[in-house]
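K.L.:
Top to bottom, those sequences are chains A and B. For the first sequence, position 302 (counting from the first letter as 1) is numbered 302 according to the working numbering, and the numbering increases by one without interruption. For the second sequence, position 350 (counting from the first letter as 1) is numbered 350 according to the working numbering, and the numbering increases by one without interruption.
None of these hints come from the bench; they were simulated from the model.
Under the rule of at most 27 Å between Cα atoms (straight-line distance), these lysine-lysine pairs were calculated in the DSSO-like manner:
#1 K180/B <-> K326/A
#2 K114/A <-> K229/A
#3 K268/A <-> K238/A
#4 K384/B <-> K326/A
#5 K326/A <-> K85/B
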Amino acid sequence: MKSTRRTFIKAAAVGAGAAALTPVLAHAADHAPSFNPDEVGMLYDSTLCVGCKACVYSCRKANFERDENARRKKDMFSPLRNSEADFVLTAEDALETRWVDVYDLDYRTKNIIKMYNDPDTGEFAFVKRQCMHCNAPGCVSACPVKAMTKDHVTGVVEYDRGKCIGCRYCQLACPFNIPAYEWHKPLARIIKCELCRKSYYDDQKSYFEKYEQPACCDACPAKAVIYGKRADLLEEAKRRIAENPGRYVDKVYGEFDYGGTNVLYISKVDFNKLGMPDLPNYSYATKSEKLQHTIYTTIAHVPVAPVVLYATLATIAVTHRAKRNKNDKGGRS
Amino acid sequence: MSHHEEYVEAPGKLITRTTVTLALIVCAAFAVIAYRYIFGIGPISNLSDGYPWGVWLAYDVSLGTAFACGGYALAFLCYIFNGWKYHPMIRSAVVASMFGYALAGFSVLVDIGRYWNAYGFFVPSRWQPNSVMFEVALCVMAYTVILIIEFAPSLLEKIATFKSPLLSGIAEFILPKLDKAMIFIIALGMTLPTMHQSSLGSLLYITGHKLHPLWQTGALPLLFVTNAMLLGFSIVVFESSLSALGFKRPYEYEALEIARFIPIVAIFWLAVRFIDLIIRGQVVAMFTSGFHSVFFWAEIILIVTATVRFLRKPGPKAAFYTALMMCFGGGFYRMSVYLIGFNPGDEWNVYFPSIPEAMITYGLIALEILGYILLARLLKQLPKPHAKGAH
Ligand code: SF4
Ligand code: SF4
Ligand code: SF4
Numbered sequence: 001m002k003s004t005r006r007t008f009i010k011a012a013a014v015g016a017g018a019a020a021l022t023p024v025l026a027h028a029a030d031h032a033p034s035f036n037p038d039e040v041g042m043l044y045d046s047t048l049c050v051g052c053k054a055c056v057y058s059c060r061k062a063n064f065e066r067d068e069n070a071r072r073k074k075d076m077f078s079p080l081r082n083s084e085a086d087f088v089l090t091a092e093d094a095l096e097t098r099w100v101d102v103y104d105l106d107y108r109t110k111n112i113i114k115m116y117n118d119p120d121t122g123e124f125a126f127v128k129r130q131c132m133h134c135n136a137p138g139c140v141s142a143c144p145v146k147a148m149t150k151d152h153v154t155g156v157v158e159y160d161r162g163k164c165i166g167c168r169y170c171q172l173a174c175p176f177n178i179p180a181y182e183w184h185k186p187l188a189r190i191i192k193c194e195l196c197r198k199s200y201y202d203d204q205k206s207y208f209e210k211y212e213q214p215a216c217c218d219a220c221p222a223k224a225v226i227y228g229k230r231a232d233l234l235e236e237a238k239r240r241i242a243e244n245p246g247r248y249v250d251k252v253y254g255e256f257d258y259g260g261t262n263v264l265y266i267s268k269v270d271f272n273k274l275g276m277p278d279l280p281n282y283s284y285a286t287k288s289e290k291l292q293h294t295i296y297t298t299i300a301h302v303p304v305a306p307v308v309l310y311a312t313l314a315t316i317a318v319t320h321r322a323k324r325n326k327n328d329k330g331g332r333s
Numbered sequence: 001m002s003h004h005e006e007y008v009e010a011p012g013k014l015i016t017r018t019t020v021t022l023a024l025i026v027c028a029a030f031a032v033i034a035y036r037y038i039f040g041i042g043p044i045s046n047l048s049d050g051y052p053w054g055v056w057l058a059y060d061v062s063l064g065t066a067f068a069c070g071g072y073a074l075a076f077l078c079y080i081f082n083g084w085k086y087h088p089m090i091r092s093a094v095v096a097s098m099f100g101y102a103l104a105g106f107s108v109l110v111d112i113g114r115y116w117n118a119y120g121f122f123v124p125s126r127w128q129p130n131s132v133m134f135e136v137a138l139c140v141m142a143y144t145v146i147l148i149i150e151f152a153p154s155l156l157e158k159i160a161t162f163k164s165p166l167l168s169g170i171a172e173f174i175l176p177k178l179d180k181a182m183i184f185i186i187a188l189g190m191t192l193p194t195m196h197q198s199s200l201g202s203l204l205y206i207t208g209h210k211l212h213p214l215w216q217t218g219a220l221p222l223l224f225v226t227n228a229m230l231l232g233f234s235i236v237v238f239e240s241s242l243s244a245l246g247f248k249r250p251y252e253y254e255a256l257e258i259a260r261f262i263p264i265v266a267i268f269w270l271a272v273r274f275i276d277l278i279i280r281g282q283v284v285a286m287f288t289s290g291f292h293s294v295f296f297w298a299e300i301i302l303i304v305t306a307t308v309r310f311l312r313k314p315g316p317k318a319a320f321y322t323a324l325m326m327c328f329g330g331g332f333y334r335m336s337v338y339l340i341g342f343n344p345g346d347e348w349n350v351y352f353p354s355i356p357e358a359m360i361t362y363g364l365i366a367l368e369i370l371g372y373i374l375l376a377r378l379l380k381q382l383p384k385p386h387a388k389g390a391h
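With the sequences and hints as input, model every part of the structure.
P.N.:
Here it is in structure tokens:
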């Protein structure tokens with residue numbers, strides 16, 4: 001028994017040590033994010049944004065309204081009242097004119113304009129928030145049932161409510177806190193920008209299918225948010241910064257942050273102040289997957305560690321049982 | 001060869017003041033659950049887009065399954081280290097584990113918003129092996145089944161005494177076969193918790209900066225699985241002391257021997273915890289994180305005190321208090337990772353469970369205790385009381 005115990009402890013120690021400590025000690029290498037040339041995205045230039053919220057309005061129309069509602073006379077509908085969302089709306093929310101005053105991203109909108117204003121310095125800027133369509137998205141890595149997926153051609157991160165189990169792990173895993181949940185509904189879903197690739201209603205075409213543009217970019221009168229291939233947008237962003245050095249912070253947010261994102265930001269005001277989190281140059285998802293795959297290294301689709309652990313445990317237990325049975329026969333209790 | 005002479009039923013009536021009170025709490029919780037299914041999670045909980053996981057996951061799943069690790073920890077002792085020595089204690093531990101896991105599974109069904117899609121876990125095209133949640137879900141489901149199989153013999157023994165020759169015949173037929181195969185089931189019952197208890201830690205790794213650096217580490221899986229082992233031993237000791245009291249049975253001296261393993265696991269856990277903090281350069285943060293430091297030290301001090309207490313004066317009383325303190329210390333750790341150390345940003349009100357939310361949790365705990373009492377009184381679960389020293 002002594003020897004089996006020792007072998008087990010040794011096996012367990014080696015296994016556990018190798019599995020658990022490797023990722024602790026090995027820091028994730030900062031590798032440059034790789035995007036394929038056809039990936040699309042958006043570029044938001046905070047210095048051009050005038051805060052008119054046309055994008056919020058059009059996003060709302062594009063994503064939450066039935067086509068027939070959009071054609072109705074204006075006084076016959078409020079975007080909110082016609083949505084399925086009016087269950088928990090406060091009286092204030094229901095006022096048609098004020099519906100854009102949604103405080104932050106939530107189930108009512110996939111897109112929001114926020115304002116940064118420092119009364120002391122007079123520093124002042126708008127920021128548009130929506131899904132960043134990350135290169136290595138936390139939400140996709142977290143989702144247990146492939147309800148969040150990243151399209152490998154376009155790079156768009158899409159959501160499939162037909163698969164989603166509503167576990168909300170995507171919300172936990174998104175460093176930008178983007179996915180929103182319809183808390184007020186018994187049959188809720190996750191709401192997040194899908195670059196207008198999907199309609200809220202199964203039976204109608206998405207905005208992108210109809211107009212080959214996201215609604216927000218289509219609507220923006222100042223061209224503060226533009227749609228295009230990520231590579232072109234990055235070039236454009238760098239060109240703007242180079243041409244007007246005083247006008248911008250010397251950084252394209254999303255070029256490397258969180259392993260790179262398909263939506264890029266440039267701004268005069270520090271990105272932190274705009275509410276963009278300070279993120280490392282790698283995605284947490286990459287690190288988490290690395291940890292998980294170190295523990296569950298597979299050879300020919302068989303996870304090695306659990307199988308070895310099982311075999312070891314079963315062998316020891318069977319040996320013990322054989323010994324005990326022999327003792328029982330020998331008369332000991 | 002049958003082992004059931006090792007076990008007896010607990011004495012006592014089924015309907016007592018305790019069981020009725022517990023049943024009432026359970027009913028209240030189920031009323032809230034019904035409300036949740038009709039009106040949604042929002043109206044009854046304080047969950048938000050920033051804090052999407054609340055007490056149902058932090059307590060019922062993360063902590064509840066760790067408290068249900070008695071069967072797991074004891075199996076290691078009994079079948080791996082000590083050649084069946086603690087076998088008499090296994091059954092009651094397995095029942096407690098079975099309830100813990102079944103209820104964790106149940107609270108997940110309350111928690112997930114699109115439960116009708118949950119069959120996706122059985123659709124291979126939807127499997128997402130990168131997702132820690134996927135691994136946890138499959139593993140926990142499998143382990144619950146394993147626990148039910150491990151529990152089956154005590155039920156079958158009862159059926160074997162039935163008057164109906166058909167039922168008792170079937171039971172008599174299955175029992176010896178199950179007895180032979182059981183050892184392989186048990187080995188699986190040790191492998192699966194090792195996997196998902198570690199993954200319960202890995203779950204939070206992807207949150208990155210949202211989890212406070214005192215808790216955010218790549219060592220989360222190792223810390224969680226060790227913590228599960230620690231809580232498993234503690235709960236076995238605690239439960240057997242308590243059931244000795246509650247069912248008015250003599251003290252189970254195995255509990256004292258099992259308690260000896262608690263300090264060993266605790267010291268290992270503490271070592272990993274501190275080495276990790278030192279490697280990550282968080283030594284200063286231990287003292288300067290305000291509110292978070294308080295919870296950090298609460299967790300550490302409870303575990304250290306519990307360890308020291310037992311090492312200095314091992315005895316039934318110390319075993320009980322050590323186990324109790326470990327449950328709190330180890331529990332604080334898990335709650336800190338899931339709730340206290342979690343901060344998505346300043347835009348959200350800090351999460352604190354609402355009353356209905358807490359009621360569901362209380363109800364599930366009550367259901368667990370109730371089920372344990374009823375089963376112990378109906379089926380042979382508890383170790384046969386014996387004179388001191390004899391095994
Ligand atoms: S921003 Fe969040 S929701 Fe959008 S792709 Fe990245 S992780 Fe997913
Ligand atoms: S809530 Fe839905 S989309 Fe989000 S992780 Fe869970 S299953 Fe995936
Ligand atoms: S791309 Fe479409 S869904 Fe996303 S923010 Fe713009 S309008 Fe809204």
